[in-house]
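*Asks:* Following the hints, complete the assembly by docking chain B onto the known chain A.
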Amino acid sequence: MKRVFAETHLCPNLKDVEQTARMIRKASELEYRLIAIPLPQDFDRDKTQKLQSICKEANVDFVSRVDLKPKTPRDLVNSLRKLRRRFEIISVMCESKHVARQAAKDHRVDLLNFPSADFRKRFFDKAEAELASKSLASLEIDIRLLLTLEGPARIRLLSMLRKEATIAQGFRIPIIISSGAKEELLMRKPREMAALASLFDMNKASAIEAVSKNPLAIVKRNREKLSPSFVAPGIRIIREGKDC
Amino acid sequence: MLKKIKRRYLALKIDSKEAFSSKEFMDAVWDALLKLYGEYGTSRSGLKLIDHDAEERLAVLRIAHGEVEAVRAALASVTKIQDKPAAIHVLKVSGTIRGLCIRK
Numbered sequence: 001m002k003r004v005f006a007e008t009h010l011c012p013n014l015k016d017v018e019q020t021a022r023m024i025r026k027a028s029e030l031e032y033r034l035i036a037i038p039l040p041q042d043f044d045r046d047k048t049q050k051l052q053s054i055c056k057e058a059n060v061d062f063v064s065r066v067d068l069k070p071k072t073p074r075d076l077v078n079s080l081r082k083l084r085r086r087f088e089i090i091s092v093m094c095e096s097k098h099v100a101r102q103a104a105k106d107h108r109v110d111l112l113n114f115p116s117a118d119f120r121k122r123f124f125d126k127a128e129a130e131l132a133s134k135s136l137a138s139l140e141i142d143i144r145l146l147l148t149l150e151g152p153a154r155i156r157l158l159s160m161l162r163k164e165a166t167i168a169q170g171f172r173i174p175i176i177i178s179s180g181a182k183e184e185l186l187m188r189k190p191r192e193m194a195a196l197a198s199l200f201d202m203n204k205a206s207a208i209e210a211v212s213k214n215p216l217a218i219v220k221r222n223r224e225k226l227s228p229s230f231v232a233p234g235i236r237i238i239r240e241g242k243d244c
Numbered sequence: 001m002l003k004k005i006k007r008r009y010l011a012l013k014i015d016s017k018e019a020f021s022s023k024e025f026m027d028a029v030w031d032a033l034l035k036l037y038g039e040y041g042t043s044r045s046g047l048k049l050i051d052h053d054a055e056e057r058l059a060v061l062r063i064a065h066g067e068v069e070a071v072r073a074a075l076a077s078v079t080k081i082q083d084k085p086a087a088i089h090v091l092k093v094s095g096t097i098r099g100l101c102i103r104k
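In order, the protein sequences belong to chains A and B.
When we follow the working numbering, the leftmost residue of the first sequence carries the number 1, and every step to the right adds one.
When we follow the working numbering, the leftmost residue of the second sequence carries the number 1, and every step to the right adds one.
Okay, chain A solo, but in the shape it has when bound:
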């Protein structure tokens, strides 16, 4: 069976419909069959439907995603309560240690993302991994920084990513590799992303899973949970009415 590849972090400028459509079509050309675009929290339903129709034309499956950037753990919990049932993927941009720890232990968080290239602002250590291994959170690694940084900054980033990937694999936390691309020329094919993951010592098989199996598992799990027939994991309503 042909492998399905997923790009979980495509960041077009949603105000520019043309650019968004171009990036979606490009994702389709690059062999992705599922893409997730981070939407603003107040994004209206009509615009979401328009995005869905563009994706349908391009033959890719659209997944709604929200990137949370809370200042405090309290803010994070409040946002999760409000948004969990509205988006298929919830990612937390961990910009402080307290937020990172709260995100790692909360079952409603799908992805932990550390957007900074500064090693003091990357909080994915063994304590964080232990918390994440007990919840459902995965570690998301954006390739964008690897492509845009140069010289010593990129060397430091590679060394941090190598450490984070080793910790995540040690604690059996799924790793998701995404582009985080804001423009078309920063988008890469899934196998190219997997090749780039070899720079931080991920083996080929786990790198390929990080762009296919792992993101698809999150989407499948969340779609099941968000469906009206879902009751609890493994239990769903099959039939309703007087004859039951």
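Check each hint, because a few of them may be wrong.
Unchecked claim - Taking CB as the label site, the calculated pair distances span:
#1 G66/B with K97/A: 38 to 46 Å
#2 I5/B with E31/A: 27 to 35 Å
#3 G151/A with G66/B: 22 to 30 Å
#4 K17/B with E31/A: 19 to 27 Å
#5 S229/A with I50/B: 51 to 59 Å
#6 W30/B with S53/A: 40 to 48 Å
As the list claims (entries may be wrong) - Here chain A is said to cover these stretches of chain B; the calculated rule only asks that three of the stretch's residues, wherever they fall, bring their Cβ under 8 Å from a Cβ of chain A:
#7 67-73
#8 86-95
Keep in mind the hints are simulated off the structure, nothing from the lab.
Computed from a predicted model, the values in this text were never measured in an experiment.
Note that beta-carbon positions come from the ideal geometry of N, C-alpha and C, so glycine has one too.
*Replies:* This is chain B only, laid out in the frame that chain A set:
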């Protein structure tokens, strides 16, 4: 008996609004390889340009058999050619040049 040297051929698409000469394209590839793997690593790649079509933005590279992933990573890390935004995508990998021409 001498062991046969195995090679791989990569068909590439250069994604850019500009057209680049063979030299400009190869400079970008060598530069990316050198930055990521240094002189020793690059020497192992056995990189050679086989064909380049500037207008169609297509190229064929020959590399050593065991270095496909390393070269793929280096090509993926290219964001500029001659300071102009560009990306290089691998269209197909084959053991023979003829294999690149045969569509799946």
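*Asks:* With reference to the structure, classify each hint as holding or not holding.
*Replies:* Each hint, compared with the structure:
Taking the beta carbon of each, G66/B and K97/A are about 42 Å apart, inside 38 to 46 Å as hinted. For I5/B paired with E31/A, a C-beta distance near 31 Å keeps the hint of 27 to 35 Å intact. Against the hinted window of 22 to 30 Å, the Cβ-Cβ separation of G151/A and G66/B comes to about 28 Å, which satisfies the hint. As the Cβ distance of K17/B to E31/A is approximately 22 Å, the hint placing it in 19 to 27 Å holds.
In this structure the hint that S229/A and I50/B lie 51 to 59 Å apart at CB holds, the actual value being about 56 Å. At about 44 Å, the CB distance of W30/B to S53/A agrees with the hint of 40 to 48 Å. Using a Cβ-Cβ cut-off of 8 Å, 4 residues of the segment 67-73 of chain B lie near chain A, which meets the minimum of three, so the contact claim holds. A stretch counts as covered by a chain when three or more of its residues have a beta carbon under 8 Å from one of that chain; for the segment 86-95 of chain B and chain A the count is 4, and the coverage holds.
Violated hints: none; the structure is consistent with every hint.
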